Amino acid sequence: MSFWNDPLRVAADWLQGIFVGWGMNETGAHVLVVFLGVLLLITLLMVLDIFLVWIERKVVARFQDRLGPNRLGPFGLIQPFADIIKLIIKEDTTPGDADKVVYNLAPILSMMSVLILWAVVPLAPVMLGTDLNVGVLFLIAAGAIGTLSIIMAGWASNNKFAMIGGFRQVAVMVSFEVPMLTMLLIPTIFAQSMNMNAIIDAQNVWYVWISPLGALIFLIAAIAELGRAPFDLAEGESELVSGFNIEYSGMKFGMFYAGELLHAFTFGGFWAILFFGGYRFFGLEQVSPFLAILILIIKAMLGYWVIMWVKYTMMRIRIDQMLSFNWKFLTPLSFALLLVTALMNALLASAPTWLYILGMFLANVVTGWIALEIARSATRQERERIEGPNKKVAEASH
Amino acid sequence: MTGAQIIFLMVAAFTLLSAVMVVTTRNLVHAALWLVSTLFGVAVVYALLNANFIAVVQVVVYIGAIAILFIFAVMLTRKDMRDSGPQINKNWWAGALVAMLTFAGLAFLLSGWSGFSKTAAELPAGFDSISLLGESLVSPEAYVLPFEVASVLLLAALVGAVYVAFNPSKK
Amino acid sequence: MSTETLIWLLPLPPALAFFLIVLFTNKSKALSHTIAVGAAFLSWLGAMIVFIRALGVEHLSEHPFESAINWLPTGETFLKIGVLIDPLSATVLFFVAWCVLMIFIYSVGYHNFGQPEGDHDHAGLPPHGATVHGHTVPSVEPMYSRFFAFIGLFAFGMLTLVVSDNVLTMFVGWEIMGLCSYLLIGFWYGKESARNAAIKAFMTTRIGDVFMLLGIAFLYSVTGSLSFKDIFSEEVLHALASVPTGVFGLSAAGLIGLLLFIGTVGKSAQFPLHVWLPDAMEGPTPVSAMIHAATMVSAGVYAVIRMFPIISLDEKTMTVVAFIGAFTALFAATIAVAQNDIKRVLAYSTISQLGFMIAALGIHAYVAATFHLVTHAFFKALLFLGSGSVIHGMEHGVLHTGNHKVDPQDMFNMGGLRHKMPITFWTFLIGGFALSGFPLVTAGFWSKDEILADAWAHHHYAIFFTLAIAAFMTAFYTMRQITLTFFGEPRTEEAKHAHETPWTMTLPLVVLSVFAVGYGWVGMPHWITGGLVPNWFHEFVGSMLHEHAAELEFNIVPLGTSLLVALGGLTAGYFAYRNVQSPAEDKLQIPVLKNKWYVDELYNVVFIKPAVWFSEVFVSKWMDKGFIDGILHLFGPATGGVGSAIRNYFDLPVINHFFGDGSAEVTWWFGRNLRPIQTGRIQQYLVLSLIVLFVVGGLLYFLLMA
Amino acid sequence: MVPLSWYLLLAAALFGIGLFGVLVRRNAIAVLLGIELMLNAVNINLVSFWRYSDVLTSMSGQVFSIIVFAVAAAEVSVGLALVISVYRRRNTVIADELDMLKW
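Residue numbers (my numbering), protein chains in the order written: chain A, 1 to 398; chain B, 399 to 569; chain C, 570 to 1275; chain D, 1276 to 1378.
If you are wondering where the hints come from, they were derived from the structure by calculation, not from laboratory data.
Hints should not be assumed to be uniformly reliable.
As the list claims (entries may be wrong) - Calculated lysine to aspartate or glutamate pairs in the EDC-like style (CA-CA distance at most 16 Å, straight line):
1) K596/C to E382/A
2) K596/C to E237/A
3) K488/B to D1371/D
4) K596/C to E373/A
5) K649/C to D799/C
6) K1065/C to D976/C
7) K516/B to D1329/D
8) K160/A to E237/A
These figures come from a predicted structure and were not determined experimentally.
Start from the sequences, fold in the hints, and give me the full structure.
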């Protein structure tokens, strides 16, 4: 066992040795080492978060045919640090009628709901916070805390816009949790486990090949869960000014903002873990945990990039459309897909691998196609109900 | 006193304190938020009992759905920000008496039970309670019928709630 | 996929198509026919794979593809259902798959897919045409999707019947087809005649089906099994033949065979239950082809062939079968001669040809009957689809002239169509020659010749001559039909403007005409090929029987007869009708033939009128209104009298005053005094009830513990 | 190791607190909050009985707690729907004022 193969264990043993050498007892030293590990992870994530700000601004600039930050440091890399300094030294206001405790607790919870997710992210085969056997469900549980933080922010601000934004976001999050949870069950079916590491281990074939539709639905639900465009109804600048965080300023706002970016990146990571093989990449992950972390971060970045791509390409949709879309289309579709996947999985259990992949892929495509056809015919009927019968036919018969 | 006991006592104290706050705090939104922290404490209790799945489901279902629903309902049924009037009715002393009697009665009955201060065996290595739970939920020999009945109940509650809360005058 | 699994899956695509179309896609015509044709194609593909695999198996009849599952628990045992592909069902599956696929494709064109919607079309009526830029063009069928749903279900029924390994599922498929034929014959339910025809078809076949069900029940009660494998085993057959029944001195096998045969008489439209089939022409033409060629009537004959081991056990039953078959063959042929409607001629011809098969079975010519079943299916499907094509072309002419009084189905309105519709003409000619048994090249010749040869060789001379005459008339009316339709000059303006039909209709014609010619070659007797090619069909299907009948030696008499009747009939038909211009010039329009020997009228007098009288006059007027209502009317006053006596002397004084008012007062007093406890505050109730609980619980606890 | 009695007493206390809330809170929603506490107390009991039973492979305790979750979700949704419906009609959710059923 060398540092190259299992850095975490080596470092932990070394640290624990030092602490015990200083006269601490075994348990206390262990607790302290774990605590330091958590602190290290969080710190690294925060630093990563700062770069995410920079990436986000650069990418949006490219999408909008601009240059983005380019004054401070090479490629404007120092810009986010300047932003942070600005946020920190800004006046930290609290509205007079606000519910002070709740108001101040909300951004902390928001950030916490994201950071807590990293407890179950397997960074490398030997590196993960906790090997929880319900890791997949943990994702939803952490999302619940995020929901709570937003409704707390919306309510405590004592502001109509904030309240409406909070309501909307909660409605969206609670609704989109359903297809998301359903889609989380698909990797669970394939891997026969809810454990993140087991799911990655079982992905000899990336699950995106045997459940492309599942990956897509998961991405859509994740974007809704994040509250990013086209589902950014909680903020809705043009209608709600800034939604639930309207009253926040300074670093409290910064925490919401940073939380959102990190959340998006985290979901990119989960997308990679659940459907794109996580840290696996043709055996490279076996070489060193560092390489595995690199692979995971690259994959997460790609997922994050897709989320950004969607955000800066699509326009915001209305809240009722969005909830209808979820309850009338996405949720039934995800249930149907779950049924089809389970059925095909059982049917093709003894089939050769290529047939299995092909069958699953086709089942997904067919399910998606049927769903689209049904949706198309339903919307056509809706349109005809509103606009009256098809005008073309009426003209042709005259 | 072992570490596990200390942790249990801390969690229990936290849970009970939050619970007391739930029933005594004047502001209903705060009460709902205290409920969240109680539920969180209970989730930790489940985790202490090695029931990981139940613990996570507790967070998902109770905090993610039920508590949020409570906060929604509180917000939908208030006339202004501040709560006015007493939050506790005039017979509160009778209620308190009955609640204490309940606790005392339960404690009394339990203390007479032979398994009261039993200690648990260590979980066997590799014990997978999730797959056992899953299998017993859908196994015809075990609990598939209650499971299905529960799902029907949920559906009925869903339909019923929509019907009851639907406001026909607006449409 | 294993062959057995594939066989299980064979009938499913059309059934799925049915549900998909009915439930989801019925708004979209293109989607509906894509699903239906796709399903038919899937079944066809599966059937071909199964067929080819079946060919590859040595001694398929001893080692058929079979698979069975438990279905209904019946006491301690299970009623099993399963699938079975042996040489017979493989053969039948082959032609069913082809015919079904062709008919599905044909239906797309026949129902004018791609044409505009009609100006005045209603669901339930045939399309009347649409006006586009001042021209009248054919319009699309209003219930297009429904049609595909129905024929999908129909195909499901037929495929189920063919692949079943037991009588019960066979009967299920049989009844599904019965339902579908009802739905499809009455497809244009806006027409009174279509409605009546549908009911007639349903009721008539029902008579047969009831007997068939009786036969199945009897079979089950005797043998305890319905699976072919069990009931065709030596010991069961032996037992069946030796059990006597009290009916006509028949053995159990004979009675079961007779009952099952009556089912076939209904389904395959044999005399005396043939009356529904000509009327079934009210349905759209693909339906007629479906019913008469590919599916339902074939199903009837298939059932007899399938049950042949049982039916053949009793000579009395076999005699009945042979004579009904031969009589029907001749009887229907005589009617066909005098019909003017192009589809009705084919309908009677079908009855007649089915009679051939039944007669063949009745004289133990198992292979010949099967062979004729297959070849007939191909060329009769071809002829029906061809006639549909002709009608479609004529309708085009009718739309062009706008004279809707001209019947596009009447052959005397046609003439000279060979120039207008060349593909239809040539394929129809091939089909007609196959039906007539044109020597050597057509499939019909080989199969019909084999039947005649069998009859001659086994000394059934009466059957032989009857069938020979029927065969002559077949050739005669076929040529009459071809001559009137295609030769000469157009007799009406409409015929001049007839059009060739689209490729979706002509393609099936071409495909089927290939089979109408080519399928005969697989069953050529070895004397014609000089033993170069073995008589494959005889070997393949003949292996089904326990005693493998030797192939017949060459005999000049039946061959000569076949040649004579076929060529003679064709020649006579051509010359007799070459110059006929109108029905009046047709010397064979004898009233008794024209009116189908008055069988319908006879049934009307003997069965329907008495039944109506019985229900309307006897049951309704006398029994129900007179007798039963009279008793009921008596009950009323009597009950009223008893009631009022009880009311006045018991109810009012005792119950009302004493018990009723007295108890109410007591209750009221209690209520008034206990009222203040009801505060309406739920929490108070809760507190109170809990306190009571504690008191009672505490008391109980201490009392019980102490 | 923590003995079973601790969990049972915790559950009993939680149950008592919930019952107190149910009995004394005037707001109907607060009453429902109390019911939630009581349900959670029951669930603690169920799970701890599972953990402390001799047969760990018998999952009855966990299964029942799952079913309690379902029942709780149904109860809250219907209960809150009723509260909102009452609020629409009567403009109050105070349990004491909803006493039309008296006398």
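Hints, verified against the model:
| no. | hint | verdict |
| --- | --- | --- |
| 1 | K596/C to E382/A | 14 Å, holds |
| 2 | K596/C to E237/A | 42 Å, violated |
| 3 | K488/B to D1371/D | 10 Å, holds |
| 4 | K596/C to E373/A | 12 Å, holds |
| 5 | K649/C to D799/C | 11 Å, holds |
| 6 | K1065/C to D976/C | 14 Å, holds |
| 7 | K516/B to D1329/D | 10 Å, holds |
| 8 | K160/A to E237/A | 14 Å, holds |
Of the numbered hints stated above, the single one contradicted by the structure is hint 2.
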